[in-house]
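Residues per chain, in single letters:
Protein chains: 2
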Amino acid sequence: MKNKAITSRDVDFAKWYTDIVREAHLADYSGVKGCIVFEPNGYAIWEKMQKVLDEKFKALGHQNVYLPLLIPESLMRKESELIEGFAPEGAWVTEGGKNKLEERMIIRPTSETLFSDYYASIVKSYKDLPLLYNQWCNVMRWEKETRPFLRTREFLWQEGHTVHASEEEAKAETDRMLNVYKDFFENYLAIPVITGQKTEREKFAGAEYTCTVEALMYNGVALQGATSHYFGQKFSKAYGIQFLNKENKLENAYQTSWGASTRMIGGLIMVHSDDNGLVLPPKIAPRQVVIVPIGQDEEITSLADKINSLLNTNGIVSFVDKSEKSPGFKFAQHEVNGIPVRVEIGKRDLENGKICLARRDTRERIQIENDDNIVKNIQHLLDDIQSNLFNTALRRNQEKTFTAFTLDDVKDIMSKQPGFVKAMWCGDENCELKMKEIRGTKSRCILENEKPISDKCVVCGKKAKHYVVWGIQY
Amino acid sequence: MKNKAITSRDVDFAKWYTDIVREAHLADYSGVKGCIVFEPNGYAIWEKMQKVLDEKFKALGHQNVYLPLLIPESLMRKESELIEGFAPEGAWVTEGGKNKLEERMIIRPTSETLFSDYYASIVKSYKDLPLLYNQWCNVMRWEKETRPFLRTREFLWQEGHTVHASEEEAKAETDRMLNVYKDFFENYLAIPVITGQKTEREKFAGAEYTCTVEALMYNGVALQGATSHYFGQKFSKAYGIQFLNKENKLENAYQTSWGASTRMIGGLIMVHSDDNGLVLPPKIAPRQVVIVPIGQDEEITSLADKINSLLNTNGIVSFVDKSEKSPGFKFAQHEVNGIPVRVEIGKRDLENGKICLARRDTRERIQIENDDNIVKNIQHLLDDIQSNLFNTALRRNQEKTFTAFTLDDVKDIMSKQPGFVKAMWCGDENCELKMKEIRGTKSRCILENEKPISDKCVVCGKKAKHYVVWGIQY
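For the protein sequence lines, the chains are L and U, in the order given. Start counting the first sequence at 13; every next residue gets the next number (my numbering). Start counting the second sequence at 13; every next residue gets the next number (my numbering).
If we strip away everything but chain L, and leave its shape as in the complex, we get (with noise of 0.2 Å):
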């Protein structure tokens, strides 16, 4: 049976993504333009991100700092393309206290203008570096179409930002990051991505390059996910960062960054949820396991409380839900938000020394014995439901990836249905442009250990350079 409050995703994939964000309860819109409140069970899934990056980046050696919210305007048009690329969406203060500024000010829409700033103040030489640092912070950026967790005016993310003397150390450091992003997607949020460099038409302003964290949605339509730049000297020019080499010798330093954000929030709901709503993969689900116990009983509910108290001292998130709703009620609230599995303690059933799970990502009731094995059992239902929603979304992706040699082959499959399409690039920005009238068809990074298979540019036919992943974008 079908929730009703929710539109199917296959009649109409906008709406049942604001339904299932409406009917999970993650988020509400709010009396602010192109902002949105973050309830309980939305930021539930945040906090539960945050904690799992933070611990890798801090066993990476990466310290936390905090930096201020507002960029005086001087300052960042210190670095032109920062500039060019963010003022057309900036939020501006102009007034402070009762007065008028004599210069506005920027909330920050990124932060390497003060990262740069700062650590041109503090860095002197190699014996200082590298420094490895990161913020979980708010930023803005003043969309004129935004969407849940998708696109806000204001998200909040992390902005790791590092300084080093080599250019090896610090391309090893864009590539380490990505690789903890992709692993991060994979692994925990059961999400295949594919990565690579972007184009310099689609890069981050005032990046060297750009790698890039690619995911497929549902619906064919591509997320970028997470990004590690590789800035080179570009910043450490403009904002004066120079240390003294092992040879004595002042050097600009060569700086990173990277980041992650809400968004990803959005990913998951579009990768993996479904008509009755939110799915979650049990390692990045705020609560795991809910415990229905049904009837009153005192046998029953004393059983659902030990099952509780064996699940938490074994490391798994659980509930036990006593409320006086009635179990069907509670069945589909639990379900809507998500939670992997639910544990059905009924009479009948432990009369015959069972008892119920039901696993969120099939729908499935399995009836296990009730004995010494249920953690274990609970257990490996949640490693089981981690990897078959990997495996579905990553199913799917292959499914939706295609490979194109003509232009026609491209309108062909955009038009029919949405996905990853590979194709050769000259390296010319004119074909990207002509990609793009494609129902916005663009270049989503460059694949690096494929094999080639052509040696013609899918738009123009010339000689070929890369070969390059394609889709229409979030």
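Just so you know, the hints here were simulated from the structure itself, not pulled from any lab data. There's no promise every hint is true.
Copies of the same chain look alike in the list, so a pair counts if it works inside one copy or between any two.
What the hints assert, rightly or not - Below, in silico cross-link-like pairs of lysine to aspartate or glutamate (EDC-like), each with a Cα-Cα straight-line distance of 20 Å or less:
{"no.": "1", "residue 1": "342", "residue 2": "309"}
{"no.": "2", "residue 1": "156", "residue 2": "114"}
{"no.": "3", "residue 1": "334", "residue 2": "140"}
{"no.": "4", "residue 1": "454", "residue 2": "440"}
{"no.": "5", "residue 1": "45", "residue 2": "85"}
{"no.": "6", "residue 1": "112", "residue 2": "85"}
On a predicted model such as this, the values are computed, not experimentally measured, just so you know.
Once you've looked at the hints, dock chain U against the given chain L.
Below, chain U without anything else, positioned relative to chain L:
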């Protein structure tokens, strides 16, 4: 031997404070006026504070959410006391993208407005209540005079906002959260506090009443550490938060809010630190123990690693300093950074079966046996430092707490050495203003369970209404 980079706190307390902030690398001045860069050592203290408080909040049933950074002016104006209080120190966004906004927006100085607007849209019935939400975020107040951590234009904090179906329940929440703060200050920050209600003049704009946690710094100046407000129906009337009560009648909800900020880091410094740098209570120190092997001897470094791993598995956060600096340099550095315990492992000691522990608070060095009791001994030492810091602060508070019967008493105390001054008060704001003429002395809070020392107001001599503690404040 004294750290030469740090001014003595008895000579120039303000300079001593900024010296500590700089030398312990807690914060750096930024290119943005009135805002600081939280450096790794400073931010790590905030992360530890967040972790402890967040766990306490959640254990009491609170959930985290996140609301927008910007508040439209008209929304703010619905509660007149609030806008009057905060508009003069607002940072206003007037341009978004390339356009001038139709209505300017204030960067949140606090979020009662947005929470109330949100609650008005989701609260329907007493069955929805209570709502116990909290958010961790940045806020901005356009201060003229700033000082790292104590008063900066942007700061970080948590703000809890709750909605209840009855006055009793909301008042109990106000009280409960005040006690959470009191417990946190005394048992984690090792800072003894006085708690009680603020006077009408000193309460939060828009609150029915405000409860506060008041601490005394080393120099006898008072610091408001955290506050908990009872709003009654003030905001629910202004923003239309109504619920159907058990009698099926519409009723305005009862609200509270409570907050604590990065200002607590300033309090920590000013209560415990000394002329040699930062001193941190072990329960809030991001790193509790540093192990310094003296020399490169294999036996010594492997023992350092062994002790480190033993400490970590026992829940003590420790690290080994194997850098190439001299032992003396390392000792000074870890001292200025406030690592509570230093373990020194030297060849000669080890030959006698000993290692050496140095405690940061008293700077004593203690030889202990190199045996199976090392972890237990270090844990005991950490516990002892924690309670010693609290007791030292408590003794100082007692020495700096005075009683006054006349204005001359107050003048005499405040001109010699400021501190907490306990005195009777008639309840008239004019008498508060008279007190303020004495070096800015303000009421800190009304004492609840203490026996009045007289029946006459310390200022006007008329009938006293309250027993109040007064102080000069940061």
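Each hint, compared with the structure:
| no. | hint | verdict |
| --- | --- | --- |
| 1 | 342 - 309 | within (17 Å within a copy, 64 Å between copies) |
| 2 | 156 - 114 | between (28 Å within a copy, 15 Å between copies) |
| 3 | 334 - 140 | between (56 Å within a copy, 16 Å between copies) |
| 4 | 454 - 440 | within (13 Å within a copy, 70 Å between copies) |
| 5 | 45 - 85 | between (24 Å within a copy, 13 Å between copies) |
| 6 | 112 - 85 | both (15 Å within a copy, 17 Å between copies) |
In this structure, every one of the numbered hints holds.
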